[in-house]
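Residue numbers (the working numbering), protein chains in the order written: chain H, 441 to 521; chain L, 244 to 608.
Be careful, since some hints might not be right.
As the list claims (entries may be wrong) - Here are some of the chain L residues that sit facing chain H, going by a computed Cβ distance under 7 Å:
1) ALA318
2) VAL374
3) ILE402
As the list claims (entries may be wrong) - The following label-pair restraints were derived from C-beta to C-beta distances:
4) H:LEU516 / L:TRP542: 55 to 65 Å
5) L:GLN601 / H:GLN455: 45 to 55 Å
6) H:ARG485 / L:LYS491: 54 to 64 Å
What the hints assert, rightly or not - Rough simulated footprint, nothing fancy, chain H against chain L, three-plus residues with beta-carbon under 8 Å:
7) 389 to 397
8) 411 to 421
9) 494 to 503
Treat the hints as calculated values from the structure; they're not laboratory data.
Remember, predicted model here, so these are calculated numbers, not experimental data.
Beta carbons: idealized from backbone N, C-alpha and C, even for Gly.
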Amino acid sequence: MLSIASIVDWEALLQTVAASVVAGVGVAIAFSVAIYGATRFAEARRMGASLVTVGAAALTVVALGACLAAITGGILVMTSG
Amino acid sequence: MGDDIVLVIVVVTALGFDFTNGFHDTANVVATSISTKAMSPRLAVGYAAVLNFAGAFISLEVAATVADDVVEQGAITPTVVFAGLIGAISWNLVTWYYGLPSSSSHALIGGVIGSTVAAVGTGAVIVDGVVGDVLVPAVVAPIVAFVVGALGIVLAYRIVGRLRPGAVTRGYRLGQMVSGGLLALAHGTNDAQKTMGVITLALIANGTLSEDAGVPFWVVVAAATAIAFGTYSGGWRIIRTMGTRIIKMDAAQGFSAQGAGAAVIMASSHFGFPLSTTQVISGGVMGAGAGKRVSAVRWGVAGNIVVAWLLTIPSAAAIGALAYGVTRIFGTGAVGPVVVAAGAVALIAVTFARRARQGAPVPAG
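Please construct the entire structure, taking both the sequences and the accompanying hints into account.
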């Protein structure tokens, strides 16, 4: 008798689940941080707080870079088969 | 000569199926972006069609699964593949008519299994492949999309919760340009490949390709084009009905739902799992809704998805088996598929005409 446990490629399935969670949640966090940084940047620049402005700009750039890296990496992994 | 006619009918039918797949699924791909006003309907539909086309070129793992891991290639004929397609199209038509949520992917696999069983018995069905590559991922993927969508929105609200709503909404709308594009790309990747797999299976069954051959490039281009045109055509119907059927959500939820759907479909495509993209996107949308407020989730939709899981494969299989039986009444040549194809076209025309008289169906899935 066939058992589902022996049929399913659990390694591939678990990798799919892990990649989905890391990419989906990771990009949501990174992009939210980018929005946080961009909003704080705009507020700090209006108030003339230069140190906060630089920090917020850096946070935005790093967070957007992380999003871009995750998306590009994901597509490259898929196209490489 | 007769075999070649059948093969041509199979390819045309498969591309027709691919077109209807794009037509059917446009709403899933673009509704979130339009609902949150991240994109205008025209832009969203055009953008989705282009990225559906591009997505079809990204990977061939799902096509390989459909061609290699569902039924034994050596045991079937192009007529079997044709009957399977008729099973899938007919089931899609029935569910569209009654407004039931249906998975084109599960219908396709069910149809091919049914016609194979009718033609050569259960021995030609690769049970390991069907259970391991289709059924189990079909159950797991929407649940993962739900969890990712819920986690994403909970964490997003924690990060941006104290900021001015206007700036946050503008930010997530911009993000949806990317997440919506990724979702369309993922949809093209997973769904167009199923048609590529079926056409490849028919080419192998006909002896045009060897059993270890890959997907021919013309098949990739044809499938990509068919799903992109289907998406574009389906979009105009959606533009007309927009505003009454879309899910109400904010831009952050839209971003989280689209990101969850894209991540699950792309990861699954990489490992060759042919998913129901409709069910995965629904899972992401429900997760993003539940992350904000559990009562916001339309649990009835979740129930319909479960019913669809249970019904689609056996029903499409039964119709696929019946279609094969009808073709065999006319012998083993091209007459059977020609008669059944003509009957299917007539059935589709009658169904569309009846539905047009009665008004638009309840949105599926």
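Which of the listed hints are broken here?
1, 4, 6
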